[in-house]
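Number of protein chains: 2
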Amino acid sequence: MSIVVVGSVAYDTVETAQEKRERQLGGSASYFSIAARGRGPVRCVGVVGEDFRDEDLQLLRSHGADTEGIVRTAGKSFHWAGRYHADMIERDTLATELGVFADFQPEIPAAWRDSEYLFLANIHPSLQLHVLDQMTSPGLVALDTMNLWIETKPDELREVLARVDILLVNDGEARQLTGLRSLARAAAAIAELGPKRVIIKKGEHGAIYFGLDSVLAVPALILDDVVDPTGAGDSFAGGFMGALAESGADRHDGDEVFRQAMLDGTVTASFCPEGFSVEGLIALTDEAYARRLQTLRDMMIP
Amino acid sequence: MSIVVVGSVAYDTVETAQEKRERQLGGSASYFSIAARGRGPVRCVGVVGEDFRDEDLQLLRSHGADTEGIVRTAGKSFHWAGRYHADMIERDTLATELGVFADFQPEIPAAWRDSEYLFLANIHPSLQLHVLDQMTSPGLVALDTMNLWIETKPDELREVLARVDILLVNDGEARQLTGLRSLARAAAAIAELGPKRVIIKKGEHGAIYFGLDSVLAVPALILDDVVDPTGAGDSFAGGFMGALAESGADRHDGDEVFRQAMLDGTVTASFCPEGFSVEGLIALTDEAYARRLQTLRDMMIP
Numbered sequence: 001m002s003i004v005v006v007g008s009v010a011y012d013t014v015e016t017a018q019e020k021r022e023r024q025l026g027g028s029a030s031y032f033s034i035a036a037r038g039r040g041p042v043r044c045v046g047v048v049g050e051d052f053r054d055e056d057l058q059l060l061r062s063h064g065a066d067t068e069g070i071v072r073t074a075g076k077s078f079h080w081a082g083r084y085h086a087d088m089i090e091r092d093t094l095a096t097e098l099g100v101f102a103d104f105q106p107e108i109p110a111a112w113r114d115s116e117y118l119f120l121a122n123i124h125p126s127l128q129l130h131v132l133d134q135m136t137s138p139g140l141v142a143l144d145t146m147n148l149w150i151e152t153k154p155d156e157l158r159e160v161l162a163r164v165d166i167l168l169v170n171d172g173e174a175r176q177l178t179g180l181r182s183l184a185r186a187a188a189a190i191a192e193l194g195p196k197r198v199i200i201k202k203g204e205h206g207a208i209y210f211g212l213d214s215v216l217a218v219p220a221l222i223l224d225d226v227v228d229p230t231g232a233g234d235s236f237a238g239g240f241m242g243a244l245a246e247s248g249a250d251r252h253d254g255d256e257v258f259r260q261a262m263l264d265g266t267v268t269a270s271f272c273p274e275g276f277s278v279e280g281l282i283a284l285t286d287e288a289y290a291r292r293l294q295t296l297r298d299m300m301i302p
Numbered sequence: 001m002s003i004v005v006v007g008s009v010a011y012d013t014v015e016t017a018q019e020k021r022e023r024q025l026g027g028s029a030s031y032f033s034i035a036a037r038g039r040g041p042v043r044c045v046g047v048v049g050e051d052f053r054d055e056d057l058q059l060l061r062s063h064g065a066d067t068e069g070i071v072r073t074a075g076k077s078f079h080w081a082g083r084y085h086a087d088m089i090e091r092d093t094l095a096t097e098l099g100v101f102a103d104f105q106p107e108i109p110a111a112w113r114d115s116e117y118l119f120l121a122n123i124h125p126s127l128q129l130h131v132l133d134q135m136t137s138p139g140l141v142a143l144d145t146m147n148l149w150i151e152t153k154p155d156e157l158r159e160v161l162a163r164v165d166i167l168l169v170n171d172g173e174a175r176q177l178t179g180l181r182s183l184a185r186a187a188a189a190i191a192e193l194g195p196k197r198v199i200i201k202k203g204e205h206g207a208i209y210f211g212l213d214s215v216l217a218v219p220a221l222i223l224d225d226v227v228d229p230t231g232a233g234d235s236f237a238g239g240f241m242g243a244l245a246e247s248g249a250d251r252h253d254g255d256e257v258f259r260q261a262m263l264d265g266t267v268t269a270s271f272c273p274e275g276f277s278v279e280g281l282i283a284l285t286d287e288a289y290a291r292r293l294q295t296l297r298d299m300m301i302p
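Residue numbers (the working numbering), protein chains in the order written: chain G, 1 to 302; chain S, 1 to 302.
Simulated from the structure, these hints should not be mistaken for lab results. Watch out, some of these pointers could steer you wrong.
[What the hints assert, rightly or not] Here are the computed lysine to aspartate or glutamate pairs in the EDC-like style, where the Cα-Cα straight-line distance is at most 16 Å:
(1) S:Lys202 x G:Asp171
(2) G:Lys76 x G:Glu107
(3) S:Lys196 x S:Asp213
(4) G:Lys202 x S:Asp51
(5) G:Lys202 x G:Asp171
(6) S:Lys76 x S:Asp51
Remember, predicted model here, so these are calculated numbers, not experimental data.
Whenever a hint applies, use it, and build me the whole structure from the sequences.
As structure tokens, then:
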């Protein structure tokens, strides 16, 4: 049961109070692919420039991702630079150089179009629509978006949302999209737009799943050290979708399998901020995963 | 098993985008007492001025509080005025008129000094110490404090913390008190100061209990409408301590009973923001409580 992910494959320059790392592997599709941990497997669609290092493609492949859908074109790879505040939550964007990403027209390889799962990472809603149009009949489509598209491309966003099963956004974006303060009301309003399941991501405060007929609030694991929180949301999505692909769930299933997948996303995402770039995810072992899953359950069950 | 609460009994003027209410019953001891729902019972220690309405004392009594410890003196009652932003989280303080509260010297009635439970609401740490000195041997002492005392009275605060079993603070205060970003590390550092159990209150994101050998993260219930969030933290404390008093727990008990009490605090607190002043708490019925407790459990158990 394969997962197609369409998103950015990028280089990030990240500065924290402790350290600065230049042009390290980043991008939503990169985090997602590694976080899925070989389940699916993940078929990765993106674009990189001439500067993109073969070793980074190799790294994705060694973590179970098929990189045949990552096109290399003339120009530079998408580069984001940011500086985190001491709280490791607030951040200032110092540079956004789209490079080859500016002309990204995602083409799904013919052999991938019948994939069962589709994750549309945070890109222009028109591109998300363009991807959906190429897929034959995915059993489950999840979508991430952001305030920029909610503000500037509301019509395109609504058009794509109408064809999506699961929306992943943060609490501010859910409120902005619906104009409703109550997250319960916002989730209900989003269901009217299309996605019958909504996941509200709240960073260190965890995530809430609003399902067909149930709600599950999952706390974030409490970390001793946060090195670089970049990519945690996409890592959550990768763990979540990986768990669904492993179980073979689709949009017709009840909430149960999605509630369990929330735990996978949460545990997986907890490794991401423990290292720069994808280093935290790569350090994830089965044993460490199992320990954190138990810790999470102990934190949740009263 | 009686609970002594020492805190403010006040009048609040609260403004929201929808409405303004002038000089309505407020104060930490008021919210706490009603939220305890007759368990204990609660013995309320505070000071009010000549302007304090008898009907407000009667209201506290009708909800199970003993108001013999509320002294009326010459002057005006403590008055706080604030305006909530549209998000119903941020607020601006428009006025803080201490009135008779400026000279508050809490005296615990002789017959109350052997009470089993003590809740020291957010007042000057020297007054909290003065109260502790009057108690014979409470089986469980919980304390709330704030950034003002952490900044301006660190020595007095540490002196009182050394004699406290449970500290209730928000995440920012826990970090400020310890200088540690990780809440797990902050809770461990606080345990070194005295309180072996720490409750981190996070408002709409819920609360985390750091116990003797376990952690429990409890989400907040998701409300359709927030009318006035003032007093939700003290309502949490009232429900939490009420549950402990009902079960007879003390500092020697393991985490189990405290984990269950977290649910009582959470469910109780969820009623508070649904009305101005204590109106939301007063509207709480056994049936509504039972429904919300079930909703909370369904949100928590994966």
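Broken hints, by number: 2 and 4
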